[in-house]
Amino acid sequence: MKKLVFKKDKIKPSISKKKSIDLVFDSKIYPLEAIYIASYIFIDNFYIFLDGDPNSKIKVKLTPKTNNSSSNQNLNNTKEEFLNELLNCTLRYRISKENKNLREFILGTALLGSVGKLNPSEDFFEDERSLAKELEQLQAADEIISDENEDENGVVFDDPLGIAVPWEEKFKNNKEKTHSAKTPLKESKKSKK
Amino acid sequence: MKDNDQKETISHITIKLKKDLYPLNAIQKSANAFKHLANIKIKNGKEYFIVSLIKVAPEVRKLIKNEFCNYVLVSINHEKFKNINSASK
Chain A
1 MKKLVFKKDK
11 IKPSISKKKS
21 IDLVFDSKIY
31 PLEAIYIASY
41 IFIDNFYIFL
51 DGDPNSKIKV
61 KLTPKTNNSS
71 SNQNLNNTKE
81 EFLNELLNCT
91 LRYRISKENK
101 NLREFILGTA
111 LLGSVGKLNP
121 SEDFFEDERS
131 LAKELEQLQA
141 ADEIISDENE
151 DENGVVFDDP
161 LGIAVPWEEK
171 FKNNKEKTHS
181 AKTPLKESKK
191 SKK
Chain B
1001 MKDNDQKETI
1011 SHITIKLKKD
1021 LYPLNAIQKS
1031 ANAFKHLANI
1041 KIKNGKEYFI
1051 VSLIKVAPEV
1061 RKLIKNEFCN
1071 YVLVSINHEK
1081 FKNINSASK
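Sequence lines, in order, name chains A and B.
Residue 14 in the working numbering sits at position 14 of the first sequence, and the numbers go up by one each step.
In the working numbering, each residue's number is its place in the second sequence (first place is 1) plus 1000.
Worth flagging that the hints you see were computed from the coordinates, not collected in a lab.
A quick note: this is a predicted structure, and the numbers were derived from the prediction, not measured.
Keep in mind that a hint or two might mislead.
[To be verified] 20 angstroms max Cα-Cα, derived DMTMM-like pairs, lysine to aspartate or glutamate:
1) K28(A) / D51(A)
2) K65(A) / D53(A)
3) K79(A) / D44(A)
4) K1080(B) / E98(A)
5) K19(A) / E80(A)
6) K57(A) / E98(A)
7) K65(A) / E1067(B)
8) K100(A) / E1079(B)
9) K1019(B) / D26(A)
10) K57(A) / D1020(B)
11) K1018(B) / D22(A)
12) K59(A) / E1059(B)
13) K1080(B) / D51(A)
14) K1018(B) / D53(A)
15) K1046(B) / D53(A)
16) K1035(B) / E1059(B)
17) K97(A) / E1079(B)
18) K59(A) / E1047(B)
19) K1019(B) / D51(A)
20) K1046(B) / D51(A)
21) K1016(B) / D22(A)
[Said to hold, decoys possible] Examples of chain A residues toward chain B, derived with CB under 7 angstroms:
22) Y40
23) I43
24) Y47
Glycine is no exception: its CB is placed at the ideal position from the N, C-alpha and C atoms.
Starting from the given sequences, assemble the full structure and let the hints guide the process.
Dropping the structure here:
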């Protein structure tokens, strides 16, 4: 029976003599975009350089900015942290890519729903093109309405619910009411006398 | 960084950036940001963009190469993943 022997020479050190970390990633497992994001997270404390072929293998070199973090143990910890962060970024990137259409649809529906144009329960939009057309039409309509509502100074004023009532009009009615309410009392007192 | 490929003299630093990894827009943006520290020229090689930093300010000679590369990476991230990065660490 053969004994398993692990040769130290076969394990390539990823920490180079110049106190930097060299990593090689397969782009089929770790997409380039995820590597960009993970690198960005480490950019405060490390100088990062990318090389290699994005279709096959991507090389990442991390060099610490300060001497404090350049001990072998620190570099090993950083390497592991980078790998974990890269996995995290890969997952996030994939999820965002898969949900892109859904996100756009939800946003489009919400925007149109707020205008009152779309009832989300109905199937208004069969594809993204019709959604884009609808949005453009609404935008154009909004522009026309805003032009109509502009006053002399070019300020847009829109009050579809009729909430904005001038001060004079609002309190004019109240004054009339209070005036009319006071007068019959005086008259009644006079009549009693 | 290919240290062997990078010819460095006191006043002249060369950086090779892979075309597939570093878009030209980001490099130009970085070059614009670093223009007060050196005269920067970008050459279009076969596989690499070759960035030449000439007449580098003496106080930043040691750092400018690495800082330039980091700046390009930041520019790439800002252009590509405005939304994703805001949720990170």
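Holds or violated: K1019(B) to D51(A), with C-alpha atoms at most 20 angstroms apart: Cα-Cα ~10 angstroms, so holds.
20 angstroms limit on alpha-carbon distance, applied to hinted pair K1016(B) and D22(A): Given pair K1016(B), D22(A) holds - Cα atoms ~17 angstroms apart, limit 20 angstroms.
Hinted pair K1080(B) and E98(A), Cα distance within 20 angstroms: holds, 17 angstroms
Pair hint outcome, K1035(B) versus E1059(B) [Cα-Cα no greater than 20 angstroms]: holds, 15 angstroms
Restraint status (C-alpha distance of K65(A) to D53(A) at most 20 angstroms): violated, 26 angstroms
Straight-line alpha-carbon gap K1018(B) to D22(A), limit 20 angstroms: holds, 17 angstroms
Pairwise hint evaluation, D53(A) against K1018(B), where the allowed Cα distance is 20 angstroms at most: The hint holds at about 8 angstroms.
20 angstroms limit on alpha-carbon distance, applied to hinted pair K57(A) and D1020(B): holds, 12 angstroms
Straight-line alpha-carbon gap K1080(B) to D51(A), limit 20 angstroms: Answer holds: K1080(B) to D51(A) is near 19 angstroms, not above 20 angstroms.
Given hint I43(A) near chain B, where the shortest CB pair must fall under 7 angstroms: holds, 5 angstroms
Satisfaction of hint between E1079(B) and K97(A), Cα-Cα up to 20 angstroms: Since the Cα atoms of K97(A) and E1079(B) sit roughly 17 angstroms apart, the hinted pair holds (cutoff 20 angstroms).
Cut-off 7 angstroms, beta-carbon criterion: hint that Y47(A) touches chain B: Holds: closest Cβ of chain B sits about 4 angstroms from Y47(A), inside 7 angstroms.
Of the numbered hints given earlier, the model fails hints 2, 6 and 12; all others are met.
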